[in-house]
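Student: As a plain string of letters, each chain reads:
2 protein chains.
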Amino acid sequence: MKQYMIKELQSLVNNEIANRSSALTTMKPAMLYEPVSYSLKMGGKRLRPILLLMSYNMFSDNINQVLPAAVSVEVFHNFTLLHDDIMDKSEIRRNAPAVFVKFGENNAILSGDAMAFLSYRILNECLSDRISDVINLFTSTAIEVCEGQQYDMDFEDCLDISESDYLEMIRLKTAVLLGYCLKSGAMLGNADAEICDRLFLLGINLGLAFQLQDDLLDTYGSQELLGKKIGNDIAGNKKTYLLVKAFEKAGEDIKSELSGWLSSGREKEEEKIKAVIDIYNKLSVKSITENKIQHYFNNVFSTLEDLPLDKNLTVQLKRLISGMQERKY
Amino acid sequence: MKQYMIKELQSLVNNEIANRSSALTTMKPAMLYEPVSYSLKMGGKRLRPILLLMSYNMFSDNINQVLPAAVSVEVFHNFTLLHDDIMDKSEIRRNAPAVFVKFGENNAILSGDAMAFLSYRILNECLSDRISDVINLFTSTAIEVCEGQQYDMDFEDCLDISESDYLEMIRLKTAVLLGYCLKSGAMLGNADAEICDRLFLLGINLGLAFQLQDDLLDTYGSQELLGKKIGNDIAGNKKTYLLVKAFEKAGEDIKSELSGWLSSGREKEEEKIKAVIDIYNKLSVKSITENKIQHYFNNVFSTLEDLPLDKNLTVQLKRLISGMQERKY
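These protein sequence lines are chains L and V, in that order.
Sequential numbering of the first sequence, starting at 159, is according to my numbering.
Sequential numbering of the second sequence, starting at 159, is according to my numbering.
Wrong hints could be hidden among the right ones.
Just so you know, same-sequence chains aren't split out, so a pair can sit in one copy or run between any two.
[As the list claims (entries may be wrong)] In the BS3-like style, the derived pairs of lysine-lysine whose C-alpha atoms are separated by at most 25 Å in a straight line are:
(1) 476 with 247
(2) 247 with 260
(3) 247 with 413
(4) 396 with 450
(5) 186 with 396
(6) 450 with 440
(7) 450 with 432
(8) 444 with 396
Bear in mind the hints are in silico, worked out from the structure with no lab data behind them.
Can you make the complete structure from the sequences, with help from the hints?
Tutor: Below, the structure written as structure tokens:
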């Protein structure tokens, strides 16, 4: 059985998405389908489709058969970005104007809706006995992603978020979709139910690690590598693992200093970012977060090692995860 | 085989929706599920679930088995209302504040998204061999409904809409969902493919008649019966069948008069409504629209008569449709 390399899968996914995006530009009404095509052409890491295909490839090498499932999850992921960007007023996405900025809010709402349904239509193109089960898993995952986004919005007006509340939020908002990718890939490859469940768990841990890395890099990453300014989350009062831990570790003095910065306006942005990073440094928030990320990656690797599969079959996935662990942007 | 009366189906649907709405109020995060419950409790005619059950009841009387499908289509319909109301800035829905007014725009977007996925989850509760086919039909219908809403928005900035463009818009926005109800009900009742398709066609004609009635009643209905002001569409420059036909029939003078009113602001609203109705009257737009509605109802009844089914089985659906034909609000 052929084991596809990461780069091979990436180019299969990118080609498939490019072809479908081009087809979309000829579909009517244009104002519905153009934003869909625009958002898919923006690029991105294609992490979710690649995870799905890699998981499938541990059980089958008939990759073309499940390319629609891989595209489907990317369309779904982009649907969430379209709507989240409206809700969060995030005007820039992947160094380009967000869909609602380029096409207007109404079109971003409606094209997002269309993408949600398109992700079902594309998923259903997979010829598989397991497709009904996969579609049901997709539905429950999508509902959980909505729940996660709601918790994230709830947290905006909230200072005392516990670590476990925060982790539950990112589990729903980010991790379950990675779990879905790995589990659905295995299901489509006709893997045993137990292996499917273990891969789901692996995806959850990977998703938690991934989101905590995002949190960490936004404050401690390299401006150059990220291609964006450091401290965005701090400037925007975004609740992150770093902030949650800082509040947990801080004494009353630092707590009130932090709260002060969180209620300050945009005018003292540079000063605020510097001050909050100083607090993080004092409280060792960086190493606490790094340790937590390491903890989840350890879970990921041990789950991977424990899979009752030939090591040849897991080597690509292991390589991908190692790459994710090292990521600097 | 028991033939359910309209009222019986209505109360089954209302009970089922009431139970599910109550369950939703205990689900977390509350800000995600409260708007869903609010929107379902607002009421409405429940036309779509009743059509689905009636169609099913021509082939089976095990109504409880398909109640989830009936609820699912109502959840989907309400999802479209949540998002359409944001896009159209319609602040009042069924004499109450629209969801985006009551809960904010972000929550209306996100709860709407959740409803889209909930409609899949609920639909999938139906135990039926045909459920996969029904889900696929649901997906393609949902995409068409998005297309219809996009055409409706495109028409906002457009004066020269042809009759056929307008009819295609309402076919997508309104009629295909009624077609879906009748076809999916029949599919779940294990009807032959040909009967399913004929019922779909019946639903399309019914949906076109239904939307044209809406257009007509907004201008020529009774304020009292409608529970809302006459002339809303005219005041809001909404493209309707009446307006499309008026532009088609008008000479150059009346055309420019109409265009003038369409570009006037809200300050002369009463005068505008009166003037546009005068133009409609001059051009016999009312009877033209009535004839078109009659045409579609004729199609509906002849499709119904031609169904290769015992007349006992179609009597309730015929009664429902006759009631719709007489509706004054």
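Student: As a check of your reading, is residue 476 near residue 247 (CA-CA no more than 25 Å) within one copy, between copies, both or neither?
Tutor: neither (36 Å within a copy, 50 Å between copies)
Student: When Cα atoms must be at most 25 Å apart, do residue 396 and residue 450 count as within-copy, between-copy, both, or neither?
Tutor: Classified as within; 19 Å inside a copy, 56 Å across copies.
Student: How would you label the pair residue 450, residue 440 (within, between, both, or neither) given a Cα cut-off of 25 Å?
Tutor: Classified as within: same-chain Cα gap 18 Å, cross-chain 76 Å, threshold 25 Å.
Student: Classify it for me, residue 444 with residue 396: is the Cα-Cα distance of at most 25 Å met within a copy, between copies, both or neither?
Tutor: within (17 Å within a copy, 56 Å between copies)
Student: At most 25 Å between C-alpha atoms: does residue 186 with residue 396 qualify within a copy, between copies, both, or neither?
Tutor: Only across copies: residue 186 and residue 396 sit 22 Å apart there, 38 Å inside one copy, limit 25 Å.
Student: If the cut is 25 Å between Cα atoms, do residue 450 and residue 432 qualify within a copy, between copies, both or neither?
Tutor: within (24 Å within a copy, 69 Å between copies)
Student: For residue 247 vs residue 260, is the C-alpha pair at or below 25 Å within one copy, between two copies, both, or neither?
Tutor: Classified as both: same-chain Cα gap 13 Å, cross-chain 20 Å, threshold 25 Å.
Student: Could you figure out if residue 247 and residue 413 sit no more than 25 Å apart (CA to CA) within one copy, between two copies, both or neither?
Tutor: neither (28 Å within a copy, 42 Å between copies)
Violation of the numbered hints given earlier is confined to hints 1 and 3; the remaining hints are satisfied by the structure.
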